[in-house]
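Student: Residue numbers (my numbering), protein chains in the order written: chain A, 1 to 352; chain B, 1 to 261; chain C, 1 to 80.
None of the hints are false.
Straight-line alpha carbon distances no greater than 30 Å define the calculated DSS-like cross-link-like pairs of lysine-lysine that follow:
#, chain 1, residue 1, chain 2, residue 2
1, B, K13, B, K2
2, A, K188, B, K13
3, C, K5, B, K2
4, B, K43, A, K154
5, B, K17, C, K5
6, B, K13, A, K219
Residues on chain A that point at chain B, a partial pick, calculated with CB under 8 Å:
#, residue
7, Y59
8, G60
9, A61
10, S63
11, I66
12, P203
Keep in mind that the hints were calculated from the coordinates and are not lab data.
Glycine included, each C-beta is placed from N, C-alpha and C at the ideal position.
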Amino acid sequence: MKGNEAIAESAIRAGCGAYFGYPITPQNELIAWMACHMAEHDRIFIQAESELAAINMVYGAASTGIRAMTSSSSPGISLKQEGISYAAGADLPCVYINMVRGGPGLGSIAPAQSDYFQSTRGGGHGDYHVLVLAPKSVQEAADLTYIAFDLADKWRMPAMILGDGLIGQMMESVALPEYKEQASLPVKSEWSVGQMEQTHRKPHHITSIILDPEELERKVRARYERYKKIEAEEIRFEENGCEGADIVLIAYGSAARVCQGAQQLAAEQGLKVGLFRPITLWPFPYTELERISGSGKPMLVVEMSMGQLIEDVRLSVHDRVPVSLLPHAGGVIPTEEEIFERIRQIVNGGIQ
Amino acid sequence: MKKTYAHPESLIKVQTKYCAGCGHGVVHRIIAELVDEMGLREKSIITNPVGCAIWADLYFDFDSVQPAHGRTPAAASAVKRILNDHLVICYQGDGDLAAIGTAETVHAANRGERFTTVFINNAIYGMTGGQMAPTTLVHQKAATAPLGRDPEFPAGMGYPIKVLEMLATLQGTTYLARGATDTAAHVRQLKTYIRTAFEAQMSGYGSTMVEVLSPCPTNWGVSPVQAADMVAEKLIPYYPLGEIKNTLPDNFLQRTKGGAQ
Amino acid sequence: MKRGKITIDSERCKGCYLCVRACPRHILAAGTSVNSTGIFPAVFAEKPETDTGTCIACGSCYVVCPDTAIEVYELEGDEL
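Produce the entire structure from the sequences given, and follow the hints as far as they go.
Tutor: Pasting the structure below:
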């Protein structure tokens, strides 16, 4: 399946009850899949008038307790940031998918990773975070989408899949997850709106406004206590060959796939190259990376952006080891040869 | 003696933050009366906007959802589609509905979404201190039009928008009515418009909207009584009252009266 | 002709006097004592000595009050 379609189908199987979207390349297959299949399962689908409208439909839907989702690509995700901030401020679970394309501005439709800062630093206004999950393959995209809904519900916050145009468009085999029965989904009636008559409860108000500064600070701090728990429990990463390596590559998503090829090239030349691949970009595996830097070997950050991931890497290792950057922009994907050439330069000559 | 008019149950008995003479209070009460009369308090949800009515959730004894500025109809669309047996009230001011939210307003109306929009038109931005609104009248003074609204270039401030007349061109709209709160007679008439819209919603019709010409004494710079007079002198001649569009079946309200017990 | 009386919650009244303006019998007025927030609430001021100076429980005051501060009663039986 195409990555976009696998994500969509996985969301349906995770019990996504409402999808709202707007077309934008390179994720149009996702909205098309939803247009075809949501109705089959009696779920809600609206092609909204804009990405702004779509994220606010998600906000309304999530308020009712239903599992709600939207998707877009970089420029559309920028439009959604206000709505995502509102959702974070109202503690609403929801899922959104960003299939990143070259930017800034209208940019290109080719894959990129230049929304890393936007994704991992909250993205919209205010102090908050969203869960950021970065798949490297169609299979992982399906798997992470499936658990994104669980994580969003568990922690009452937005969760996003940070993909790119390559993952969205490429076709790979995928084992799709099981359909979740609606009855098995988490119950949210403690805070959601609707059906007051079932329990004759007091009204619930979904809102993010708190005018009293001390009260708002208390709320934000409480949220950050929750984030600390998330950092303790939800970090995911993959490491391969880092033990005893001459150099460690750090990359996520499609860049990590290319790094795997570079590792093989290096092995053929007798070089031991490790790969550390964060899967959750927020929470970021700072401690795990710090541990790896204990070997004293240099690191090379391979990203399809101009120096975003590298900041978190440097935060992890406190400049204990030299950290180099192999950046790209505009939708250009690095090649294995290019990465390997850079590896050789660093290992042999220490050239940054 | 018998009590003939009293505080509706669905309206919380606290002093509101709204200014003296503001139309919001009257409309809030009408909505609460109708929710009581239709027996829908535990099946009502209000989506309230950014604007003075950001406070609306403090005053209704039922659920609320407060989205980003202008996106109220988007959130209401989702809420109503999911909880389609509930009464969903999309409550907005003129900035939320006709400026920043114009796209959401037009498209929700066009899709025939089944919530009811209650549009409070006071021809000015209230909460932020009296800036020009899309519905501000030509020559009317505002904080961002200190010499008065001037449609001529170089000022190029545009003309006041008749939202209902504009939405009436969309096939998805079914019931669009404009009322006012300036006199007792107008308030009673307004209640029948909102009643029709709510009944239409509960009978599965969409989209429905009631615009309310409302005084804003604070930002018009006059007393509440003067502001009420100005609604009749200035607003009503430009924004005509009445049912701007009604494609409901004939005698719709009479036919639903029985179901309203 | 109905006979009535009204009560005004003087603490929730904001002194907008729309009720004074709306009353067809002109028997509401701006009061002369302040409430706890410094407002002069509207007061019920029947003029029973005149032909038309009594409340007819029409509800106009209630209907225009933005603060639902008014309750309207219809007098019955002995009260009349």
